[in-house]
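Chains as they are written, first to last, in my numbering: chain A, 942 to 1205; chain B, 185 to 467.
Among these hints, one or two may not hold up.
As the list claims (entries may be wrong) - Negatives, chain B to chain A, calculated, CB over 12 Å:
(1) His197
(2) Gly274
(3) Leu288
(4) Thr293
(5) Ala306
(6) Arg316
(7) Ala369
(8) Gly390
(9) Leu402
(10) Glu420
(11) Arg458
Unchecked claim - Partial selection, computed: residues in chain B whose CB lies under 10 Å from chain A:
(12) Ser341
(13) Leu370
(14) Val403
Claimed, not checked - If you anchor each label on the Cβ, the simulated ranges turn out as follows:
(15) B:Asp328 x A:Glu974: 45 to 55 Å
(16) B:Asp446 x A:Arg1039: 43 to 53 Å
(17) B:Asp309 x A:Phe955: 38 to 48 Å
(18) A:Glu1172 x B:Arg241: 47 to 57 Å
(19) B:Thr457 x A:Glu1131: 22 to 32 Å
(20) B:Thr202 x A:Asp1031: 18 to 28 Å
The hints are simulated quantities; they were obtained by calculation from the structure and are not laboratory data.
Treat the numbers as computed from the prediction; the structure is a model and nothing was measured.
Where a beta carbon is used, it is the ideal one built from N, C-alpha and C, also for glycine.
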Amino acid sequence: MTDMIEVEGLNVTFGHGKHRVLAVRDVSFHVAEGESFGLVGESGSGKSTVIRALCGLNPNWSGRMAMAGNRLTARRDKPFYKLVQMVFQDPYGSLHPRHTVDRILSEPIAIHDLGDSERRVARALEEVGLGPAFRFRFPHQLSGGQRQRVAVARALILEPRVILLDEPTSALDVSVQAEVLNLLRRIKRERNLTYILVSHNLSVVAHMCGRIAVMNRGRIVEELSVAQLRERAPTQAYTRQLLTASLGYDREAVARFVDFTESA
Amino acid sequence: MTETPLLVVEDLHVEFTTPKGLVEAVRGVGFTLGREKLGIVGESGSGKSVTGRSILRLVQPPGRVRAKRLEFGGRDLLGMPESELRRIRGRRISMVMQDPKFSLNPVMTVGQQITEAYRVHAQVDRREAVRRALEMLKAVRIRDPERVYHAYPHELSGGMGQRVMIAMMLIPEPDVLIADEPTSALDVTVQLQVLAILDDLVTERGMGLMFISHDLNLVASFCDRVLIMYAGRIMEICDARRLDEARHPYTRGLLNCLPQIDAAGGADLPVLTRDPAWQEQGL
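If we strip away everything but chain A, and leave its shape as in the complex, we get (with noise of 0.2 Å):
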């Protein structure tokens, strides 16, 4: 099998000077095609960065990072967009609130100029469980599951072949985040995706991908598989004390916690 995605030595900065901050340091990972991947940390380990960089959002990083087979660049073309889309944490922050879902899921069309506007966002609402009747709704006509819907559709409608997926249902309730999952799933095995999710939820993660990333301080922890996590068989201590940590509340645990936070 082919990898679709190819991360060497990632290393991400922000700020300058003696504010300069390195957010992702030496980030190696690969995914194969139609893999799910999944990015799992704490809040500023740097694993919403890795995404962000793959994709063109974050311009300071150095390394090597490869998309089906083109090595890529600070600068990203109108191809690599039809290739690669992403799915934003807050459906109410990453969908212009003045237009509506039918302008949304056109603009991507117009764009890329692939013509044929109409039957292409029906079918991308279809596709993502939402009727014909929500295509002329602004987003704040919608509840977060369904903004998160429109999202989906959005990232489809060029008929990408990556999509990574940034907490994309840690907004939402469990009940519409089952939704949403089972929503992903279904059209990864219908168009052969690769994804990469990132989350906070090692369920979540668990549920969705195969293979994990751990990361902590900018770092990969450690990689390892969904059995692995399910036969308790993290190899560092970090991982366990995560896993432990997400499996819920017991006083006793929560006493031999270690604060991972300050060495290196």
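Since the structure of chain A is provided, determine the placement of chain B on it from the hints.
Same frame as chain A, but now just chain B:
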């Protein structure tokens, strides 16, 4: 939880008049709170936060609160004059909100805020207030209380900020703490550490904790009893340890739609189908 309850709520209703008509946020909720950890779980819009706020009469007009009984230690909270309520609010019953970024004053140091809160409720001099504030910061496991005391809220991380909030709310030694999603904005390990602080306070001081959350798994592992709310009504009250035996289809639905690490990669998640009847009948 056998002796006289700290809080008694009976047939609580909260309504809001909106341009689109009357919204009934809470419709006939009743429960008691003893010296225990009581979890209130529900999805957004279920009325869980409004229930918590109405106990301290923090629901502002156009919201209206009425109840058959809303009592704290045998005293009627709804009918009591504002001046009397002010002696209870913050001192005997205190509340921690979700986000420390919005609950702390950005232009006062942490220390000033804690001592101010303390001196409103207790007749002590500045020196004693400072001593108690530092002691309290230590109690919520802040490693360097002196530094944090002189820090401004923006200089603290989310977990620290939330500990500061908890320290401020606990310094008058309240009998009841209402915590509205106190740890939802925190990382999972920090979240559990903050909960451990609350847990110890309940055990050591016999405080009553009302823990409002959307996280069913967390509440099940942390609380003693869980109250499940939907559309302004209580669907079910269960023993937290036996939540997996819950009978109400809504509770079951909520439990089932959570992804599990142990079942990972398997079938699609069961989707919750809502029965319109749940809107009409609660406990």
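How the hints compare with the structure:
The claim that His197 of chain B lies off the interface holds: its Cβ sits roughly 24 Å from the closest Cβ of chain A, which is beyond the 12 Å cut-off. Look at Gly274 of chain B: its CB is around 27 Å from the nearest CB on chain A, clear of 12 Å, so calling it non-interface holds up. Look at Leu288 of chain B: its CB is around 19 Å from the nearest CB on chain A, clear of 12 Å, so calling it non-interface holds up. Non-interface call for Thr293 of chain B relative to chain A: holds, since the shortest CB-CB distance, roughly 23 Å, exceeds 12 Å.
Chain A leaves Ala306 of chain B outside its interface by the beta-carbon criterion, the shortest separation being 30 Å against a cut-off of 12 Å. Every Cβ of chain A is farther than 12 Å from the Cβ of Arg316 of chain B; the closest lies at roughly 25 Å, confirming the non-interface assignment. The claim that Ala369 of chain B is not at the interface with chain A is violated, since a C-beta of that chain comes within 12 Å of its own (minimum 9 Å). Listed as a non-interface residue, Gly390 of chain B keeps its Cβ farther than 12 Å from every Cβ of chain A; the least gap is roughly 17 Å.
Annotated as non-interface, Leu402 of chain B brings its C-beta within 12 Å of a C-beta of chain A; the closest such distance is 6 Å. In this structure Glu420 of chain B is separated from chain A by more than 12 Å, as the shortest Cβ-Cβ distance comes to about 16 Å. A beta-carbon of chain A is positioned within 12 Å of the beta-carbon of Arg458 of chain B; the least distance is around 8 Å. With 10 Å as the threshold, the beta carbon of Ser341 of chain B comes within range of chain A, its nearest partner Cβ sitting at about 9 Å, so the hint holds.
Checking Leu370 of chain B against chain A: minimum C-beta separation of about 9 Å stays under 10 Å; hint holds. Satisfaction of the interface hint for Val403 of chain B is found here, the shortest Cβ-Cβ separation to chain A being roughly 9 Å, below the 10 Å cut-off. Distance hint check for Asp328 of chain B and Glu974 of chain A: the Cβ-Cβ separation is about 50 Å, which falls inside the suggested range of 45 to 55 Å. Restraint check, Asp446 of chain B to Arg1039 of chain A: a C-beta distance of roughly 45 Å satisfies the suggested window 43 to 53 Å.
The hinted range of 38 to 48 Å is satisfied by Asp309 of chain B and Phe955 of chain A, whose Cβ atoms lie roughly 46 Å apart. A beta carbon spacing of about 52 Å between Glu1172 of chain A and Arg241 of chain B agrees with the range 47 to 57 Å that was offered as a hint. A hinted range of 22 to 32 Å for the beta carbons of Thr457 of chain B and Glu1131 of chain A is consistent with their spacing of about 24 Å. Between Thr202 of chain B and Asp1031 of chain A the beta carbons are some 25 Å apart, a value that agrees with the proposed interval 18 to 28 Å.
Comparing the model with each numbered hint stated earlier shows that hints 7, 9 and 11 do not hold.
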